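Modelling step: build the complete structure from the supplied sequences, incorporating the hints.
Those protein sequence lines, which keep their order, are chains H and D. Numbering follows UniProt numbering, in which position 42 of the first sequence is assigned residue number 42; successive positions increment by one, without gaps. Numbering follows UniProt numbering, in which position 416 of the second sequence is assigned residue number 416; successive positions increment by one, without gaps.
It is worth saying that the hints were derived from the structure and are not from the lab. Treat the hints loosely; a few may be bogus.
[To be verified] Stretch by stretch, here's where chain H covers chain D in the computed footprint (C-beta under 8 Å, at least three residues):
| # | region |
| --- | --- |
| 1 | 172 to 180 |
| 2 | 359 to 367 |
| 3 | 402 to 408 |
| 4 | 415 to 425 |
[To be verified] From the derived model, a few chain H residues whose C-beta atoms are all more than 10 Å from chain D:
| # | residue |
| --- | --- |
| 5 | E27 |
| 6 | G29 |
| 7 | A55 |
| 8 | D102 |
| 9 | Y189 |
| 10 | K268 |
| 11 | Q271 |
| 12 | R337 |
| 13 | I416 |
[Stated by the list, open to error] Just a few of them, taken from the derived set where beta-carbon distance is under 7 Å, the chain D residues facing chain H:
| # | residue |
| --- | --- |
| 14 | L91 |
| 15 | A164 |
| 16 | L168 |
| 17 | V184 |
| 18 | A187 |
| 19 | Y189 |
| 20 | V194 |
| 21 | G212 |
| 22 | Q411 |
| 23 | L428 |
| 24 | A429 |
Computed from a predicted structure; not experimentally measured. Don't be surprised by glycine CBs; every beta carbon is placed ideally from N, CA and C.
Take a look at the letters that make up each chain.
There are 2 protein chains.
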Amino acid sequence: MAVQTIAGNATTASVDLGPAVALSCRECGERFDLGPLFACASCFGPLEVAYDLPAGDPEALRKRIEAGPDNIWRYAPLLPVPADVADKPNLNPGFTKLVKADNLARELGVTGGLYVKDDSGNPTHSFKDRVVAIAVEAARAFGFTTLSCSSTGNLAGAVGAAAARAGLRSCVFIPHDLEQGKVVMAAVYGGELVGIEGNYDDVNRFCSELIGDPLGEGWGFVNVNLRPYYGEGSKTLAYEICEQLGWRLPDQIVIPIASGSQLTKIDKGFQELIRLGLVEDRPYKIFGAQAEGCSPVSAAFKAGHDVVRPQKPNTIAKSLAIGNPADGPYVLDIARRTGGAVEDVDDEQVVDAIKLLARTEGIFGETAGGVTVGVTKKLIEAGVIDPALTTVVLNTGDGLKTLDAVSATSQATATIKPSLDAFRAAGLASA
Amino acid sequence: MAVQTIAGNATTASVDLGPAVALSCRECGERFDLGPLFACASCFGPLEVAYDLPAGDPEALRKRIEAGPDNIWRYAPLLPVPADVADKPNLNPGFTKLVKADNLARELGVTGGLYVKDDSGNPTHSFKDRVVAIAVEAARAFGFTTLSCSSTGNLAGAVGAAAARAGLRSCVFIPHDLEQGKVVMAAVYGGELVGIEGNYDDVNRFCSELIGDPLGEGWGFVNVNLRPYYGEGSKTLAYEICEQLGWRLPDQIVIPIASGSQLTKIDKGFQELIRLGLVEDRPYKIFGAQAEGCSPVSAAFKAGHDVVRPQKPNTIAKSLAIGNPADGPYVLDIARRTGGAVEDVDDEQVVDAIKLLARTEGIFGETAGGVTVGVTKKLIEAGVIDPALTTVVLNTGDGLKTLDAVSATSQATATIKPSLDAFRAAGLASA
Numbered sequence: 001m002a003v004q005t006i007a008g009n010a011t012t013a014s015v016d017l018g019p020a021v022a023l024s025c026r027e028c029g030e031r032f033d034l035g036p037l038f039a040c041a042s043c044f045g046p047l048e049v050a051y052d053l054p055a056g057d058p059e060a061l062r063k064r065i066e067a068g069p070d071n072i073w074r075y076a077p078l079l080p081v082p083a084d085v086a087d088k089p090n091l092n093p094g095f096t097k098l099v100k101a102d103n104l105a106r107e108l109g110v111t112g113g114l115y116v117k118d119d120s121g122n123p124t125h126s127f128k129d130r131v132v133a134i135a136v137e138a139a140r141a142f143g144f145t146t147l148s149c150s151s152t153g154n155l156a157g158a159v160g161a162a163a164a165r166a167g168l169r170s171c172v173f174i175p176h177d178l179e180q181g182k183v184v185m186a187a188v189y190g191g192e193l194v195g196i197e198g199n200y201d202d203v204n205r206f207c208s209e210l211i212g213d214p215l216g217e218g219w220g221f222v223n224v225n226l227r228p229y230y231g232e233g234s235k236t237l238a239y240e241i242c243e244q245l246g247w248r249l250p251d252q253i254v255i256p257i258a259s260g261s262q263l264t265k266i267d268k269g270f271q272e273l274i275r276l277g278l279v280e281d282r283p284y285k286i287f288g289a290q291a292e293g294c295s296p297v298s299a300a301f302k303a304g305h306d307v308v309r310p311q312k313p314n315t316i317a318k319s320l321a322i323g324n325p326a327d328g329p330y331v332l333d334i335a336r337r338t339g340g341a342v343e344d345v346d347d348e349q350v351v352d353a354i355k356l357l358a359r360t361e362g363i364f365g366e367t368a369g370g371v372t373v374g375v376t377k378k379l380i381e382a383g384v385i386d387p388a389l390t391t392v393v394l395n396t397g398d399g400l401k402t403l404d405a406v407s408a409t410s411q412a413t414a415t416i417k418p419s420l421d422a423f424r425a426a427g428l429a430s431a
Numbered sequence: 001m002a003v004q005t006i007a008g009n010a011t012t013a014s015v016d017l018g019p020a021v022a023l024s025c026r027e028c029g030e031r032f033d034l035g036p037l038f039a040c041a042s043c044f045g046p047l048e049v050a051y052d053l054p055a056g057d058p059e060a061l062r063k064r065i066e067a068g069p070d071n072i073w074r075y076a077p078l079l080p081v082p083a084d085v086a087d088k089p090n091l092n093p094g095f096t097k098l099v100k101a102d103n104l105a106r107e108l109g110v111t112g113g114l115y116v117k118d119d120s121g122n123p124t125h126s127f128k129d130r131v132v133a134i135a136v137e138a139a140r141a142f143g144f145t146t147l148s149c150s151s152t153g154n155l156a157g158a159v160g161a162a163a164a165r166a167g168l169r170s171c172v173f174i175p176h177d178l179e180q181g182k183v184v185m186a187a188v189y190g191g192e193l194v195g196i197e198g199n200y201d202d203v204n205r206f207c208s209e210l211i212g213d214p215l216g217e218g219w220g221f222v223n224v225n226l227r228p229y230y231g232e233g234s235k236t237l238a239y240e241i242c243e244q245l246g247w248r249l250p251d252q253i254v255i256p257i258a259s260g261s262q263l264t265k266i267d268k269g270f271q272e273l274i275r276l277g278l279v280e281d282r283p284y285k286i287f288g289a290q291a292e293g294c295s296p297v298s299a300a301f302k303a304g305h306d307v308v309r310p311q312k313p314n315t316i317a318k319s320l321a322i323g324n325p326a327d328g329p330y331v332l333d334i335a336r337r338t339g340g341a342v343e344d345v346d347d348e349q350v351v352d353a354i355k356l357l358a359r360t361e362g363i364f365g366e367t368a369g370g371v372t373v374g375v376t377k378k379l380i381e382a383g384v385i386d387p388a389l390t391t392v393v394l395n396t397g398d399g400l401k402t403l404d405a406v407s408a409t410s411q412a413t414a415t416i417k418p419s420l421d422a423f424r425a426a427g428l429a430s431a
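Written as structure tokens, this is what we have:
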């Protein structure tokens, strides 16, 4: 095997990541060999996976996908993973429900078909399982033995669980004062969990230092040195939505924005399906959703700016609370190019939207789900989202992880003594 | 339409519940028309759904099932639901992952294949979604407009969510002093939630009173007057396990015991598949699992008794804490007939088993999952479960709902300052 040193701390053999052939810089286009790189050596732009995608008969590819497993590996021919990925120990996320939300559609006045892509059905109940699963394959390919990340919540659990199943060591870094529930969720999978005395920025800075140090040898940080691969996991949301709509692009889609990566990768996924002939090339609009308390991209969109001015987050939607979103400019570009928009809702609207989704469809979403449903409602009312067109709204996480957001307003209707008289007095019998 | 009064508080037309043709008494065999009945009018024995199951070509039935949706409705021909059930607004539970647990198998010394049937993947993250989905169809068939239950946890959320999606009113009864997290999960779906001043027994007594009173007119209590239908939902676990094993019975299966209903219905499901020719008729052993702090069935099994002596529950496995399990005698019968056993583990073993499953397979199970994994380990060590045979272990719920069980022992490995020196001193770098 020809062995080639790619980065400071990893040695890779001829890497088999399926159709992935290189990393290419999103800014200047320079290409690099596949490896644990994340920034362009020339211009420091972000690196993306470049593919040699299957050419030829779209019908054959469609059949191959449909015959695949009921998880993201059905799309292995379009992902940076080896062809035999489904046979390895993975959490096998994805192929979550695309729920036709007729009750919610009635409340919002949508007539063209409203769907909720519900990623709370993933193994650790957030979309993070998708991106981590791809990062695990990259870690294996590059010979990493420890899977790591900096996290304030969902990601820590997703990395811990995926590493346990894959037989990798894990070591996850969190701010030392994280809520107890999140600590437990991150620790239960038995990996190392390190509290850093500082805030999330301190954790991130420390992780960057560690990657450059011999101490970090053999470590794959899913959201740092494995980030180009990790990010590709979000493409599977695009693939699944189209396949579940009968190999058709939605007319409109509402996506939450944290770093903005997910939104850009969903657009990339749509473009790939068009190029491969798997869906008809029709216009679609992409809408980005933020919480008002952390709305740098929404603010830039409204002001007509091309750059994003960082904010200090202050919102209950903590999984979206990235004040300086790396992919913000790309999000602005996509929203404008597709004729979409970026909008935000305040925390009260987030809570109302979580409860609206639960009340109408029986889906208890995370605060991020409240953000997308709330923004959808707001943009319909403003006449920006067309209610006569097919619309998909993402719920990327589970309400069980953000119970605090709704606890004040989700309480018992009544408390009574165990007697029919008391029940009658409470006025709760059916009409 | 011929209208016929069936019970005190509901009127049913010619009911279409698919292949279900009658209710029959498990004790004396007397048959009754389909309706909201739950006890035999002659002997007070429990009523079960009797079917006219599809006769003829097993291969055709197998193909029909495999072409069905990726949820329990693929088995509609074997369930008390109308043929068009999949087109109605449902939460569409089921077809959860059957995880080949090779890491866990290695730790336990299982060589014949070890699988975890992981029902945390259901919409509200417990197996209750299965049984409630069937009860919703019965409620619709009988013209009920309010879906109800008594609950201390998982069931309340499952009923609230299912009713919301189905467009039914819900009113759920809970003990007034339930933990806040569980109250929020039950309330968020927007139905009525009534705290009863008393314990769970008081709640149940009150619900029985309400069913017999005009105040309860139009109310379907999933676990009382809809219980015969509700219980059938657990058969889908048997169907799925066999289909996911390639239409083959497991040699051994470990099932948690609360009321015991789930275990008896899984046995019923296996028997149906054999009778229909969908699986080969081979011996299988059913093992029941309880927590030591609520182990009336395990105690009766070990003592060689046919009846179950009630206990006062005291265990962290609250979803299994039924001290007087209605189906206890049937469970004993099945365990003995199949050559299985009933065993229990203490709370410390439950916690260890939750963490063992998380550490090996990345599955964070509920305390009930800790009970089944713990009992599996104990029975392998005792030479009762044969490690050379194919074994399936049920995880019926989600660890996110019982965080308290593991919080004391799932904490950060270390807390350090954000510096490489501090990290080096903590000794966590890879070898």
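- prompt: Holds or violated: is the Cβ of G212/D closer than 7 Å to a Cβ in chain H?
  reply: violated (10 Å)
- request: With a C-beta cutoff of 8 Å, work out whether three or more residues of the region 359 to 367 of chain D approach chain H closely enough for the coverage to hold.
  value: holds (count 6)
message: Interface hint check: Y189/D, Cβ to nearest Cβ on chain H, cutoff 7 Å. Holds or violated?
response: holds (5 Å)
message: The output says I416/H does not contact chain D. Does that hold with a beta carbon cutoff of 10 Å?
response: violated (6 Å)
Three-residue Cβ test at 8 Å for the coverage of the region 172 to 180 of chain D by chain H: Check passed, 3 qualifying residues.
- prompt: Is it correct that the beta-carbon of R337/H has no partner in chain D closer than or equal to 10 Å?
  reply: holds (35 Å)
- prompt: Should the interface hint for A429/D be scored as holding, given a Cβ-Cβ cut-off of 7 Å against chain H?
  reply: holds (5 Å)
query: Does the CB of A164/D sit less than 7 Å away from some CB of chain H?
result: holds (4 Å)
query: Can we keep the Q411/D interface hint, with Cβ of chain H closer than 7 Å?
result: holds (6 Å)
message: Verify this label for me: Q271/H is non-interface relative to chain D, using a Cβ-Cβ cutoff of 10 Å.
response: holds (28 Å)
query: Is Y189/H truly not at the interface, in the sense that its beta carbon sits beyond 10 Å from all beta carbons of chain D?
result: violated (5 Å)
field: Consistency of the no-contact label for A55/H, given chain D and a CB cut of 10 Å
entry: The claim holds: A55/H sits with its nearest Cβ about 30 Å from chain D, beyond 10 Å.
In the structure shown, a violation is registered for the earlier hints numbered 8, 9, 13, 16 and 21, in ascending order.
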